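These two chains come separately, so use the hints to put the complex back together.
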Amino acid sequence: MHINRRTLIASAATTAGFMATSLPLHAMAQSAPSNVINVALFPEPTTITVGWGQTGPSQLVGGNINEGLLRYDDKLQPMPCLATAWTVSKDQMVYTFTLKKGVTWHDGKPFDAQDAVFSIDKFTRSLNPRVRVAMQSVESVKALDSHTVEIRMKEVFAPFIGLFDSSTIPMAPRHLYENTDLSGKPPSTGPIIGTGPYKYKEWVRGSYIHLVRNEKYHEAGIPKIDNVYFHVIPDAASRAAAFESGKIDVLPGGTVEYFDVARLAKLPGVAVSSKGWEKFAPMAWLWINHRNPLFQDVRMRQAIELAVDRDALSKVVWQGYAPAATGPFPSQVPFYSKAVVQPKRDKAKAAKLLQELGYKGQTIRLLGLPFGETWNRSAELVRQNLLEAGFKVELVATDLAGSVSKQSNWDFDLAFTYMFQYGDPALGISRNYVSSEIKKGSPFNNVGGYQSAKADALFFRGSREADPQKRAEAYAEVQKTLIDDVAAVWLLELNFPTVYRSKITNLINSGIGLNDSIARASIR
Amino acid sequence: MNKLSFFLRRLVQGFATLLLIAVMNFMLIHAAPGDPATVLAGESGSADEQFLQELRQRFDLDRPLPQQLLSYLGRLAQGDLGDSYRQQAPVIDLIMDRLPATLLLTISAFVLSLLFGVTLGAWASRHVGKWQDTLITTFSMLFYATPLYWVALMAVLVFSVQLGWLPGFGFETVGAGYSGLARGLDIAQHLVLPTLVLALFYMAIYARMTRASMLEVAHQDFVKTARAKGLSEGRVLRSHILRNALLPVVTLAGMQAGAMVGGAVLIETVFAWPGIGRLLFEALAQRDYALLLGTFLVTASIAVLFNLLTDVVYTLVDPRIELS
Numbered sequence: 001m002h003i004n005r006r007t008l009i010a011s012a013a014t015t016a017g018f019m020a021t022s023l024p025l026h027a028m029a030q031s032a033p034s035n036v037i038n039v040a041l042f043p044e045p046t047t048i049t050v051g052w053g054q055t056g057p058s059q060l061v062g063g064n065i066n067e068g069l070l071r072y073d074d075k076l077q078p079m080p081c082l083a084t085a086w087t088v089s090k091d092q093m094v095y096t097f098t099l100k101k102g103v104t105w106h107d108g109k110p111f112d113a114q115d116a117v118f119s120i121d122k123f124t125r126s127l128n129p130r131v132r133v134a135m136q137s138v139e140s141v142k143a144l145d146s147h148t149v150e151i152r153m154k155e156v157f158a159p160f161i162g163l164f165d166s167s168t169i170p171m172a173p174r175h176l177y178e179n180t181d182l183s184g185k186p187p188s189t190g191p192i193i194g195t196g197p198y199k200y201k202e203w204v205r206g207s208y209i210h211l212v213r214n215e216k217y218h219e220a221g222i223p224k225i226d227n228v229y230f231h232v233i234p235d236a237a238s239r240a241a242a243f244e245s246g247k248i249d250v251l252p253g254g255t256v257e258y259f260d261v262a263r264l265a266k267l268p269g270v271a272v273s274s275k276g277w278e279k280f281a282p283m284a285w286l287w288i289n290h291r292n293p294l295f296q297d298v299r300m301r302q303a304i305e306l307a308v309d310r311d312a313l314s315k316v317v318w319q320g321y322a323p324a325a326t327g328p329f330p331s332q333v334p335f336y337s338k339a340v341v342q343p344k345r346d347k348a349k350a351a352k353l354l355q356e357l358g359y360k361g362q363t364i365r366l367l368g369l370p371f372g373e374t375w376n377r378s379a380e381l382v383r384q385n386l387l388e389a390g391f392k393v394e395l396v397a398t399d400l401a402g403s404v405s406k407q408s409n410w411d412f413d414l415a416f417t418y419m420f421q422y423g424d425p426a427l428g429i430s431r432n433y434v435s436s437e438i439k440k441g442s443p444f445n446n447v448g449g450y451q452s453a454k455a456d457a458l459f460f461r462g463s464r465e466a467d468p469q470k471r472a473e474a475y476a477e478v479q480k481t482l483i484d485d486v487a488a489v490w491l492l493e494l495n496f497p498t499v500y501r502s503k504i505t506n507l508i509n510s511g512i513g514l515n516d517s518i519a520r521a522s523i524r
Numbered sequence: 001m002n003k004l005s006f007f008l009r010r011l012v013q014g015f016a017t018l019l020l021i022a023v024m025n026f027m028l029i030h031a032a033p034g035d036p037a038t039v040l041a042g043e044s045g046s047a048d049e050q051f052l053q054e055l056r057q058r059f060d061l062d063r064p065l066p067q068q069l070l071s072y073l074g075r076l077a078q079g080d081l082g083d084s085y086r087q088q089a090p091v092i093d094l095i096m097d098r099l100p101a102t103l104l105l106t107i108s109a110f111v112l113s114l115l116f117g118v119t120l121g122a123w124a125s126r127h128v129g130k131w132q133d134t135l136i137t138t139f140s141m142l143f144y145a146t147p148l149y150w151v152a153l154m155a156v157l158v159f160s161v162q163l164g165w166l167p168g169f170g171f172e173t174v175g176a177g178y179s180g181l182a183r184g185l186d187i188a189q190h191l192v193l194p195t196l197v198l199a200l201f202y203m204a205i206y207a208r209m210t211r212a213s214m215l216e217v218a219h220q221d222f223v224k225t226a227r228a229k230g231l232s233e234g235r236v237l238r239s240h241i242l243r244n245a246l247l248p249v250v251t252l253a254g255m256q257a258g259a260m261v262g263g264a265v266l267i268e269t270v271f272a273w274p275g276i277g278r279l280l281f282e283a284l285a286q287r288d289y290a291l292l293l294g295t296f297l298v299t300a301s302i303a304v305l306f307n308l309l310t311d312v313v314y315t316l317v318d319p320r321i322e323l324s
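Chains as they are written, first to last, in the working numbering: chain A, 1 to 524; chain B, 1 to 324.
Hints listed in this document are in silico derivations from the structure and should not be mistaken for laboratory results. A couple of the hints might just be wrong.
Claimed, not checked - Derived lysine to aspartate or glutamate pairs resembling EDC-like cross-links, with alpha carbons at most 16 Å apart:
no., chain 1, residue 1, chain 2, residue 2
1, A, K439, B, E49
2, A, K440, B, E49
3, A, K347, A, E388
4, A, K90, A, E388
Computed from a prediction, not measured in an experiment: that's the story for all the values here.
So that you can see chain B by itself, here it is in the shape it has in the complex (with noise of 0.2 Å):
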């Protein structure tokens, strides 16, 4: 089958995808007891009837479900994602808005944690069973077993509060007017403590699957074909088992990616990192209908790309792999 053909079919089937959980999510989000009209009387402290229907009559919230469900879709049809009714703005804007950041995130996340998680997988498989290996091992375990909330806010009590070296929360450093390169290394201090703690759990991951793959490869006969012919240790390593025993790390990483996008909720809520993690959580308390549903489709839509790309990716790990 040629790659062009497989990417229409793979296209089509990520827009009904995309289809089924918009219509899903509706569903699901309704289904919640209250509405984003008694979250503003609450917030608000006072309401009188009057106050509440006024709410859901501008929200469109009196009408029917499936009537409001089928002009829901109609206008993602048309590319609109609605208002949010709380913030009162397009939630295309408020989505953009937050993007960057989000992918600013997760994007070092993911290449720190694939780049440590590999190295170290690796070095913990050359020397099985020795202190290095022990070490990784149990370092990996760690951060596996231990909340990421707790990590990021012992991370900021020790760095931030202590000792003082980094920003503990926000994006940059606000009323500083820094710009240009200025500005990019100010952003780039306050992405080391979220960066570091987000990667960390991942970085876990991706070391066990290599060490395991890797001892697992190294078995093989064609490993010690390439050894019988005289190649080096280090040629062997490299070529023959990093190579095959990447392609389950590859195919785990493509699938965390686009789940790191939505999945940054508690590091982006502990660092007030203004992503859309942080976004989906907000609208999700608040019943924030039309924002929660964009950001979800928007965070499914990436993480459909990302599966996409893992396939492309696996013809550039091994070639003898087709895409079908």
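Extracted from the complex, chain A is given alone in its bound form (with noise of 0.2 Å):
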């Protein structure tokens, strides 16, 4: 007992002294040096080795690490980072790459043609999926000399020119990946490599990612932060905490809730910024389940698009920062067309269509995001919406796994998808309605199993054809036949509002924002 109660005294004082020492916080974090960037990070990503990390985590921290051989601006047109200069062909079939020169990898390498035609023709080719489809399109990569690379297509494939970007097709060391098996895991031992602004310095996993700047970075007078810091905070109304108690200056998109944007906007300090979304362009739809007897006939398709308040999602859910769709086509997306757009809701209308058609009550289940707040919440005002105009709903509530594997598996009636368009209908829109990319065990593509000869045939004309003019005409088409088709129910032009501290200059500055890499922004 007397030991008992001696080292009981001894944890009270102990616990007393903790507290005594704790300095206020906001003292501390003026001393703070400025030449550190604090971002927070959620999910914690698989891994940040280029080309394995297919994620948004992976990337935005990677993105500062790996380069591409170009770099997009937001009305996505290419800028030079790795390749200096590059020509494409008239007729679109032959793309020529002048690599910059005195590149180094980050182990003291140089970087040089073989490594641009090992990254493109080989890496990512057998890592990531979506380059797999596009270098289907590819004849043949080769170097010409040790600082030009010459691509030859097969046929024209127009979007081409928009994959070389960090994340996409990034730029990998050659000289460590050549004769490893890309087919396994990523490499677990070994420092990550890139030519990028910032080198790897250390990863405490649950906790932070370091990076420090690359002294040797080929672009002078950048990187001007020194330390980039990603901590991981799986909480978002923590990660809305510690942006508010100055721990955090960068909370990227997605990575708090829309209503906690709103309030944090409000603070003084804080800026925010819907910027750097333009190549990715995600959208939120409906996917409806095409095989389900019940939405053979259009008009019940239409009747769920009549239904739906997508100005209400808009508005009250998503606090004004994700535009209501108009059609399958978000307005970033090249050949747009503002000629066709679904009908507004009318909420009679489809209580009419219903009646019509003989709806008996049969239960749609409606399967939701586990993405957080702002999803569940918009699931809950389309169930109500559909409700209103007397459909009998279930709200199916699952985890990440669980959805994935109903919407591969087909298992839904109503779903909800958020995808990223990559900045060309070929690239990011056709995927979702072809009825080539209908394939039981994938959770992504044409997951609704809509299938139409006449849009088949459009989006593949649009894919082919060199002369923009003929594209516009092809992708026009195609947006009224989805429209008319009601092939899906499309909801928000999405995009995630980056919340940080105004002092930081030049934050975003490329179509791809964050994910770009950090290397332009400075501390005023």
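Okay, structure coming up:
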């Protein structure tokens, strides 16, 4: 007993000591060095090793370490990066890139055309399913000399020049990966090597990832910030609190809930930007499971479309940060047509259609997205809309694994989704509606099972046509077809606002936003 | 029965329990829809059939379930907890990285809650019906009934965001480059809020339990005898009432100490504390089977260990109790 008591008193004293030593953090924050940027990160990426990390968080960190041949501005026009010049032949069959000289990998080895050929032809082709599809149109990738790469096409693939950013075809060090099994695990040992403005320093799992300035970066004057820390904070409310308390400087898009964005935006010294999503142009819609006999009649699909209140979704749930979608193409994507729009909400008309069709109250299973409060509220609002029009709706709640599994096995009636469009209809949009992309087991692409020979042909024409005018015609026609058929119910043109301290300047300066690298940012 | 054979028997029982837990966890987790491949595909935003198949092959998920279970148990027997699919690292390393943070948090909270819980409970029982008692029981009720998650967030908002007294997330100040004592103090600062919040809930339980138990013991005959012998009130309270009243508290605390390790999930999530509870939760959400089973197994082992320790503490609190 005596021993026990003494131990207890000792621990109580220690605890009291902890309390007494705590300094006001606000005072500490002021004296902190200004060459550090703290960024919130969630979820913690599986890997930040280039190529293996396809997720947003992987690219958010990895985009600072590895680079692509090109960067893209917010109009999606190419800018130089590791390539200083590039030409596209008139028939769009030959692409030639001139690489920057004097660039070295972080381990000191020189970067040359062989690295680029390896990265394009072998590395990303075997690791990235998105690139794999695009590479089917490629005949050959060759190094003409140590700093010139030539790509010859089998057929025209119009959006090809848009693939060379760090998030799509990043340059990988050939000398490290050439003889490794690319289909296996990412290399667990060895340094993470790129040519980028930041070098990998440390990753304390569950806590933070630390990057440091690359002193030998190939562009003079950058990066301007010496240290970047990515802090893993699992709870959305805690991320907002960490920002408020001054410990976090940047909340990348999607790391806090929309109601917190609206709240934080009002604080002094805080800036909010919706830029940096132009290339991804994420859009949310409702998959309609076309295999369900209930939805065979187009009027049934129209009834759903007419029941959903997209404006309320945009204004109330998404706090005005995500405008209502007008059709299958988000307005940021080239060849978006203003001429055709899906009809606005008309509850009475929806109810009338249901009556006409003799709907007997069959339950419709609505699958939400397990990505936080905003998505939960979206699902609840849509459910409410459908109930008001006379549908019987059951909300299906799942975690991510469950949701992906249900979507890939077509086990739903209506399902929320949001996907990136990658700056061209041929890259992002067509895969959602063409019949060749109906593949059981894959959670993406044409999950709804929409089939139309007309849409298939138009999408094909759009991607194989070199003349922008003709592409525009094909895509305008396809937008009309998809809307007429109610292939899906398009909800919102998403963007994920970035919340940051206004003392940071030039934080976002490309069409892929923070995924590009924050090398050009500085602190006032 | 001598102490050695008692411990041996309990150890064997403990291992049997752990084996059962391993098998049950394995079956349960595989019964949930979806697998790690679907999660990775879902997060990456693009996937084709080939990609998913490659992932499944890499994770060894393309074999029948019984075969997977057998090879898992086989590896377990050799002390190998396997590799995490997602984090691409041996499970044991990941757990060992996180365990110290969790133990620091839970042991601090455990000690704090027991210390204050028992003290407050004893105090309340001594002033039963008076304002002290009302105050303590009201607060116990309040902290017992309020969701931990909410208390945690409020603590962050008040002490970290508004007042700026204490850090609201993380294990230490990242990038400060502290070492030695300075680092210890830094970690201690980060420890205060999560420990207090976690301790409050358990403190409430122990306070209520101690109070009830002491009131019950206070009316028994041996207490009257002690008083009749002319012992001072303080001595009666300490040596007779409290000592006997502590037994049920020890039982409960022993059971909870093990559970606390795995149950700190909410606290670790809110405070971004890099502990095992969070590791477990994330592994569950990501269907990271090997990691999930590993964390289950380690937390279960700790619970088994604490139960064993509880038995020992019994004999210290009341030497009349035999190990059997």
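Comparing the hints with the structure gives:
Using a Cα cut-off of 16 Å, the hinted pair K439(A) and E49(B) holds, with the two alpha carbons roughly 8 Å apart. A threshold of 16 Å between alpha carbons decides the hint, and for K440(A) with E49(B) the separation of about 8 Å falls inside it, so the pair holds. Restraint check for K347(A) and E388(A): satisfied, since their Cα atoms lie roughly 8 Å apart, inside the 16 Å limit. Taking the CA atoms of K90(A) and E388(A), the gap is near 55 Å; set against the 16 Å cutoff, the hint is violated.
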